[in-house]
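S.K.: Construct the entire structure; sequences and hints are all you get.
Here the sequence shown is numbered in numbering that gives the first Met the number 0, starting from 0 and rising by one per residue.
No lab work stands behind these hints, which were simulated from the structure alone. A quick note: this is a predicted structure, and the numbers were derived from the prediction, not measured. C-beta atoms are modelled at their ideal positions from N, C-alpha and C, and glycine is treated no differently. Among the hints, a few may not be true.
[Claimed, not checked] Here are the simulated DSS-like cross-link-like pairs (lysine-lysine), alpha carbons at most 25 Å apart as the crow flies:
id	residue 1	residue 2
1	K49	K68
2	K63	K3
3	K35	K49
4	K45	K68
5	K8	K53
6	K49	K21
[Claimed, not checked] Computed spacing ranges between beta-carbons, pair by pair:
id	residue 1	residue 2	range
7	I69	G22	34 to 44 Å
8	N87	V43	15 to 25 Å
9	F71	S25	30 to 40 Å
10	D23	A72	26 to 36 Å
11	P98	V43	12 to 22 Å
12	F71	K21	35 to 45 Å
13	D83	A31	31 to 41 Å
14	V43	G22	26 to 36 Å
15	K21	I69	15 to 25 Å
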Amino acid sequence: MLEKFDFPKGILPEGVQSYELKGDGSFTVFLAGDCKFKVDGGYVLKYGRKITGKVEAGALTNLKGVSVKILFAWFSIGSVARSDAALNFYVGPLSASFPVSNFEECPSCSCGFDCATAAAALSAES
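M.R.: See below:
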């Protein structure tokens, strides 16, 4: 759904059960359950079972249900904007930018974008 608005499919994790998109751009995405995973920079993203917001070309606004862990606290991601080859994630007045190429694949809820490395690390610990 978000690809029609110039966002990569990996902006949402695996496990989308359904979604609703209204004519004004407001949307609701339903996941099978809560989802957490690490992204570049050591951040942990958390997607709730229900994600809402508004979408238009290159902009996700009024987001609810998506948060990021910074140090020891969770903060809501309020918006995401696409700027050429980057995605800018906004938490209040703060932002972090990541290459769009980081989101070509949908992350897995347990291991994020690099499941092979996560599986190897678990095997090494056994």
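S.K.: Now look at each hint and say whether the structure bears it out.
M.R.: Against the structure, the hints come out as follows:
no., hint, result
1, K49 <-> K68, "holds, 18 Å"
2, K63 <-> K3, "holds, 20 Å"
3, K35 <-> K49, "holds, 14 Å"
4, K45 <-> K68, "holds, 8 Å"
5, K8 <-> K53, "holds, 16 Å"
6, K49 <-> K21, "holds, 16 Å"
7, I69 <-> G22: 34 to 44 Å, "holds, 35 Å"
8, N87 <-> V43: 15 to 25 Å, "holds, 18 Å"
9, F71 <-> S25: 30 to 40 Å, "holds, 33 Å"
10, D23 <-> A72: 26 to 36 Å, "holds, 33 Å"
11, P98 <-> V43: 12 to 22 Å, "holds, 19 Å"
12, F71 <-> K21: 35 to 45 Å, "holds, 37 Å"
13, D83 <-> A31: 31 to 41 Å, "holds, 33 Å"
14, V43 <-> G22: 26 to 36 Å, "holds, 34 Å"
15, K21 <-> I69: 15 to 25 Å, "violated, 32 Å"
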